[in-house]
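Produce the entire structure from the sequences given, and follow the hints as far as they go.
There are 2 protein chains.
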Amino acid sequence: MTEGRYVIGLDLGGTNSVFGIVDATGNIVAETSIKTQGHGSNPQQYVDDCMVELRKIIDSVGGIKNIRAMGIGAPNANYYTGCINMAPNLPWKEESIPLAKMFSEALGVPVTMTNDANAAAIGEMTYGAAKGMKNFIMITLGTGVGSGIVVNGQLVYGSDGLAGELGHVIVEKNGRMCGCGRKGCLETYCSSTGVARTAREIITSTDTPTLLRDIPLDKIESKDVSIAAEKGDKVAKQIFETTGRILGEACADFATFCSPEAFIFFGGLTNAGDLIMNPIKHAYEESVLPIYRGKAKMLVSQLDGAKAAVLGASALGWEINNKI
Amino acid sequence: MTEGRYVIGLDLGGTNSVFGIVDATGNIVAETSIKTQGHGSNPQQYVDDCMVELRKIIDSVGGIKNIRAMGIGAPNANYYTGCINMAPNLPWKEESIPLAKMFSEALGVPVTMTNDANAAAIGEMTYGAAKGMKNFIMITLGTGVGSGIVVNGQLVYGSDGLAGELGHVIVEKNGRMCGCGRKGCLETYCSSTGVARTAREIITSTDTPTLLRDIPLDKIESKDVSIAAEKGDKVAKQIFETTGRILGEACADFATFCSPEAFIFFGGLTNAGDLIMNPIKHAYEESVLPIYRGKAKMLVSQLDGAKAAVLGASALGWEINNKI
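So the protein sequences, as listed, match chains A and B. Position one of the first sequence corresponds to residue 1 (the numbering used here), numbered consecutively onward. Position one of the second sequence corresponds to residue 1 (the numbering used here), numbered consecutively onward.
It is possible that part of the hints are untrue.
Since the list can't tell identical chains apart, any single copy or any two copies may satisfy a pair.
Capping the alpha-carbon separation at 16 angstroms, the derived lysine to aspartate or glutamate pairs in EDC-like fashion look like this [unchecked claim]:
hint, residue 1, residue 2
1, K223, D233
2, K183, E285
3, K295, D160
4, K173, E249
5, K237, E221
6, K297, D160
Source of the hints: derived by calculation from the structure; they are not laboratory data. All values reported here derive from a predicted model rather than from experimental measurement.
What follows is the structure, encoded as structure tokens:
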């Protein structure tokens, strides 16, 4: 019996389920994926279909004896219960799906699960920019805005396993309608969809010339804004300026909570580089309570974007192992 | 040698320094106090003068052998360094005063120090409404608004020892000027001075009849608003309604951070009872992200107001002892 040299990470997204087998230094030694949809409405069928693919890569690293544990990063996952609760973009309609238990039974190793942003935070702490940090906030800028908060070296799960939803802090009273049913949430402005929404608002409410007018209004994406900004388009640059300012001011409020050593930003919007990071830094330092000024680092994730979610999920596996 | 049955708590305020000797169940078995001002500009003189009074009550409980440790709750105190940094209401002008070390040298027992709101949170966890809770937020409603945040059973000190300043979350962009130099902080609305400020604004900007007009404008205090509200005064009731709503909405944002089991409110404003607590609860449930709805308790401190600060400081003393 070995203790297992590897952990499995599963990045469970609305479209794809990506598996990686990862060593202790963060190398993905084997990977595979299946579509998340198309396995019927029964989550057991999904797990069974995953296992067919998963066994192949497990065999390629010498079999299950080399696997210590598995970590899953998934939307609406609860760390305490190991269940996914009513995730709007996943195919299962049950109120609560005990996916950690189901995979653990199928594999015979411990499995733990948390939401994607928390997994990213643990990944960053295990393999990335937050190595050695005890207090930091991970902000994921994707379709939505997610967050994973680390205090005293531990992830903040709260009383119910659902803490760390900073994307739903209200930054504008009676502002933009959010998918959560409330108005003015951070993610309605600072996600990739929020950036596209800002672009559409400017195009329809002003006459200012911009390259973005060459794109059909309903097709504009955040990466179009990024491309236009890199070409020097003033409107596009202003959109990143505004987005960064809102995010920097929000982070200034977050600092009052846990005075983090760093904010680490992850996801598509960070590809805009200084265009977004400079306004974040500027607005943060300008807005933050004087006792915190000049202290927090504003960093971009050091994990390879395509692999980060799998790495983050796999890092959860090492956490289990530390606990046992 | 005994291990010491008691801890000393020092509530260091701008006016008075109150000492209590406290047993493990939260009984204050001896107490004394001196004025904080009037010992010259040298903090060593203050410590020496404190020691004269402190020795008397230590002798009354059988001498220093019965004392395990001392905890200090003080404005602008840093838990990590044991120093007070530039507290505007204290008599010492040094940038950093190592008060924990100075008392420890004078007494010969370990001494630790944190800010008053953190001390209140530890007091509540040790002796009060938060007994057994691992995740809660303490909100102190005094001259300012302070906070102490407990996550995974530990106080959140952050990367620099200065975390937990929720009174300086901005609740109104370009709102009221705050003592911190910024605008729209929670404490400019929801402290006792914030409530008095709201009263003065309404009196000077409207003609609505109210009992508060019988008081000279610059003499109005939050307790006058409380007294008027209890007499059924509509304006006074509306002031608590507005104050509670702002506080409830802010707490809804705080929940996204750590999903606490409870919010515990402490300080003069809580004397208004349901007049303030009902609007807080109502606004919280109405504003909070649906996944948190109906979960957090909204509680009033269970510590006796006059003794709470000393008890909170003393509870820090037990914490040291647990660490050693």
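Hint by hint, here is what the structure shows:
| no. | hint | in the structure |
| --- | --- | --- |
| 1 | K223 with D233 | within (13 angstroms within a copy, 57 angstroms between copies) |
| 2 | K183 with E285 | between (26 angstroms within a copy, 15 angstroms between copies) |
| 3 | K295 with D160 | between (31 angstroms within a copy, 9 angstroms between copies) |
| 4 | K173 with E249 | both (15 angstroms within a copy, 10 angstroms between copies) |
| 5 | K237 with E221 | within (14 angstroms within a copy, 49 angstroms between copies) |
| 6 | K297 with D160 | between (30 angstroms within a copy, 13 angstroms between copies) |
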